[in-house]
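**Q** Residues per chain are reported as follows:
Protein chains: 2
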Amino acid sequence: MEKFELHILGCGSALPTTRHFATSQVINLRDKLFMIDCGEAAQLQFRKAQLKFSRLNHIFISHLHGDHCFGLLGLISTFSLLGRTAELHIHSPKGLEAILSPMLKFFCYNLSYKVVFHEFNTKKTTLIYEDRSLTVSTIPLQHRIPCCGFLFSEKLGLRHILRDMIDFYEVPIYEINKIKNGFDYLTPDGVLIPNSRLTMPADPIRKYAYCSDTIFNPEITEQLSEVNLLFHEATFAQSELARARETFHSTAEQAASIAKEANAKQLIIGHFSARYENEEQLLSEASTIFPNTIVAKEGLCIKI
Amino acid sequence: MEKFELHILGCGSALPTTRHFATSQVINLRDKLFMIDCGEAAQLQFRKAQLKFSRLNHIFISHLHGDHCFGLLGLISTFSLLGRTAELHIHSPKGLEAILSPMLKFFCYNLSYKVVFHEFNTKKTTLIYEDRSLTVSTIPLQHRIPCCGFLFSEKLGLRHILRDMIDFYEVPIYEINKIKNGFDYLTPDGVLIPNSRLTMPADPIRKYAYCSDTIFNPEITEQLSEVNLLFHEATFAQSELARARETFHSTAEQAASIAKEANAKQLIIGHFSARYENEEQLLSEASTIFPNTIVAKEGLCIKI
Numbered sequence: 004m005e006k007f008e009l010h011i012l013g014c015g016s017a018l019p020t021t022r023h024f025a026t027s028q029v030i031n032l033r034d035k036l037f038m039i040d041c042g043e044a045a046q047l048q049f050r051k052a053q054l055k056f057s058r059l060n061h062i063f064i065s066h067l068h069g070d071h072c073f074g075l076l077g078l079i080s081t082f083s084l085l086g087r088t089a090e091l092h093i094h095s096p097k098g099l100e101a102i103l104s105p106m107l108k109f110f111c112y113n114l115s116y117k118v119v120f121h122e123f124n125t126k127k128t129t130l131i132y133e134d135r136s137l138t139v140s141t142i143p144l145q146h147r148i149p150c151c152g153f154l155f156s157e158k159l160g161l162r163h164i165l166r167d168m169i170d171f172y173e174v175p176i177y178e179i180n181k182i183k184n185g186f187d188y189l190t191p192d193g194v195l196i197p198n199s200r201l202t203m204p205a206d207p208i209r210k211y212a213y214c215s216d217t218i219f220n221p222e223i224t225e226q227l228s229e230v231n232l233l234f235h236e237a238t239f240a241q242s243e244l245a246r247a248r249e250t251f252h253s254t255a256e257q258a259a260s261i262a263k264e265a266n267a268k269q270l271i272i273g274h275f276s277a278r279y280e281n282e283e284q285l286l287s288e289a290s291t292i293f294p295n296t297i298v299a300k301e302g303l304c305i306k307i
Numbered sequence: 004m005e006k007f008e009l010h011i012l013g014c015g016s017a018l019p020t021t022r023h024f025a026t027s028q029v030i031n032l033r034d035k036l037f038m039i040d041c042g043e044a045a046q047l048q049f050r051k052a053q054l055k056f057s058r059l060n061h062i063f064i065s066h067l068h069g070d071h072c073f074g075l076l077g078l079i080s081t082f083s084l085l086g087r088t089a090e091l092h093i094h095s096p097k098g099l100e101a102i103l104s105p106m107l108k109f110f111c112y113n114l115s116y117k118v119v120f121h122e123f124n125t126k127k128t129t130l131i132y133e134d135r136s137l138t139v140s141t142i143p144l145q146h147r148i149p150c151c152g153f154l155f156s157e158k159l160g161l162r163h164i165l166r167d168m169i170d171f172y173e174v175p176i177y178e179i180n181k182i183k184n185g186f187d188y189l190t191p192d193g194v195l196i197p198n199s200r201l202t203m204p205a206d207p208i209r210k211y212a213y214c215s216d217t218i219f220n221p222e223i224t225e226q227l228s229e230v231n232l233l234f235h236e237a238t239f240a241q242s243e244l245a246r247a248r249e250t251f252h253s254t255a256e257q258a259a260s261i262a263k264e265a266n267a268k269q270l271i272i273g274h275f276s277a278r279y280e281n282e283e284q285l286l287s288e289a290s291t292i293f294p295n296t297i298v299a300k301e302g303l304c305i306k307i
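From first to last, the protein sequence lines stand for chains A and B.
When we follow my numbering, the leftmost residue of the first sequence carries the number 4, and every step to the right adds one.
When we follow my numbering, the leftmost residue of the second sequence carries the number 4, and every step to the right adds one.
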């Protein structure tokens with residue numbers, strides 16, 4: 004299987020603590036890096052995770068609250084000091100470019116590269132990134148301000164050649180790529196060898212969904228169907244349900260019921276309120292509903 | 004002696020590393036806290052140092068480079084989440100309010116307290132803060148943009164009462180404060196007891212000077228005369244002298260010669276370039292000129 008990993012750089016909520024940094028994550032798909040949210044000190048956590056700045060070209064910002072984007076200025080500034088030349092693409096709800104540009108002009112007036120802002124509509128699911136192995140789509144969420152989660156879907160790869168059968172039928176090399184793409188093979192004698200005899204199916208595609216910040220919203224489960232890993236915010240324990248509703252956040256139990264409803268393979272909870280000295284209660288409440296739940300933690304790297 | 008301490012929150016330079024945070028320090032004078040510079044993640048380091056946010060009312064920004072002020076937004080935002088009501092005063096060169104205000108309006112539109120900006124002229128020494136135990140004055144520095152260091156001077160305290168002599172002369176309690184302030188005592192019999200027989204001198208005043216960022220500039224030594232502790236930037240080793248001049252920074256040796264010329268009691272060097280994997284070379288070069296030199300380090304607390 005190709006590399007598809009999630010790095011947790013920060014999983015606290017608005018109020019930082021000595022235990023948690025503000026929100027930021029990195030997806031590593033085949034050594035291309037994608038950052039999701041960029042809270043204060045994300046660049047420091049990125050370095051600590053021993054990730055390579057040069058592999059990061061796209062940043063996805065869920066919403067314009069400070070704990071999800073105050074790290075952008077430092078990161079952009081550092082890239083320039085390092086002499087970056089590749090464009091940096093920042094995808095976010097409307098408003099980020101207008102508010103960030105004056106700061107960039109003032110503090111980073113001599114940027115060595117271009118920052119390209121892409122602003123998306125938070126009301127509907129939109130394909131916002133695509134390359135030959137990945138698509139990223141928005142997941143409309145309900146928070147106090149416009150907000151989206153992100154669905155990272157691998158594209159179906161090539162079928163796997165059965166080396167023995169290729170040798171047996173003496174398939175010439177220039178035919179291999181077609182066969183990997185699912186075509187049958189016609190021998191020089193005019194015999195059609197069905198693709199299924201020459202190949203094994205491609206690896207199943209994998210999906211990662213990021214949902215933060217959001218009030219409990221079962222409407223998103225359809226889009227999350229069968230994801231391999233779901234990150235869902237779990238700011239509060241069930242005892243703070245009223246507070247969760249009031250602030251448009253979720254409880255750990257609610258996160259778990261989204262995972263269950265979506266038939267996700269694994270759930271990782273995060274965006275913890277500063278009031279919790281550890282995450283035992285949150286994990287316990289989520290696991291009761293959805294057993295395959297893990298707790299986010301700075302420095303954690305999970306294979307998807 | 005009353006408490007007068009320096010906490011190092013960050014002592015790296017523009018490029019953060021896994022070893023150093025961007026510049027920020029806190030002075031603790033009798034449990035009043037004063038922040039000097041506020042690089043990214045200063046609020047996190049502040050918490051780690053177990054300092055109390057409620058004791059911090061004044062922040063002094065040396066100059067408007069990102070590594071000295073990108074932490075302000077997060078700090079201001081956190082204070083509001085914590086329900087702060089006391090005004091927060093930010094002293095800086097001209098321009099900070101104009102550039103920060105739109106961000107504050109956007110991200111912290113409902114601040115629970117007032118942020119008051121005070122902008123100073125960086126060309127001449129100015130008294131920018133005063134209370135009954137402390138003055139803070141600017142130290143004009145030479146950097147690529149307008150920049151000042153800061154001189155923290157204790158005010159002379161009260162003289163110490165000699166308890167035995169007070170008892171001997173049967174001095175009434177209501178006279179004590181006058182005597183602490185240096186007045187003589189007139190007994191009911193009309194005998195004048197000189198203050199020197201009733202008291203010991205007040206503790207000597209202490210001074211702390213912060214000089215960063217700056218090119219080597221011996222003109223500042225007069226203002227630094229006899230300081231108890233001098234923080235001077237030492238971005239580079241002597242081998243990078245040309246680079247230091249070009250970027251308006253100092254070498255460790257230059258920092259030490261400022262300390263020596265000023266007859267400072269102790270020197271602490273910081274603002275280390277990311278190129279150094281440790282500070283041995285910098286310490287060695289500084290110590291040759293000024294033996295009582297120490298190296299700044301995140302988490303370090305030094306009594307002044």
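Be aware that a few hints might be false.
No copy labels: a pair is met if it fits in one copy or bridges any two.
[As the list claims (entries may be wrong)] No more than 27 Å apart at the CA atoms, straight line, and that leaves these computed lysine-lysine pairs for DSSO-like:
(1) K306 x K158
(2) K108 x K126
(3) K263 x K51
(4) K35 x K158
(5) K51 x K126
(6) K97 x K108
(7) K306 x K108
(8) K55 x K300
Simulated from the structure, these hints should not be mistaken for lab results.
Keep in mind that this is a model prediction, so the values were computed, not measured.
**Q** Against this structure, judge whether each hint is valid.
**A** Here is how each hint holds up against the structure:
no.	hint	verdict
1	K306 x K158	within (17 Å within a copy, 60 Å between copies)
2	K108 x K126	between (30 Å within a copy, 24 Å between copies)
3	K263 x K51	neither (33 Å within a copy, 38 Å between copies)
4	K35 x K158	within (14 Å within a copy, 58 Å between copies)
5	K51 x K126	neither (35 Å within a copy, 40 Å between copies)
6	K97 x K108	both (19 Å within a copy, 16 Å between copies)
7	K306 x K108	neither (39 Å within a copy, 40 Å between copies)
8	K55 x K300	both (20 Å within a copy, 25 Å between copies)
This entry does not satisfy hints 3, 5, 7, going by the numbered hints stated previously.
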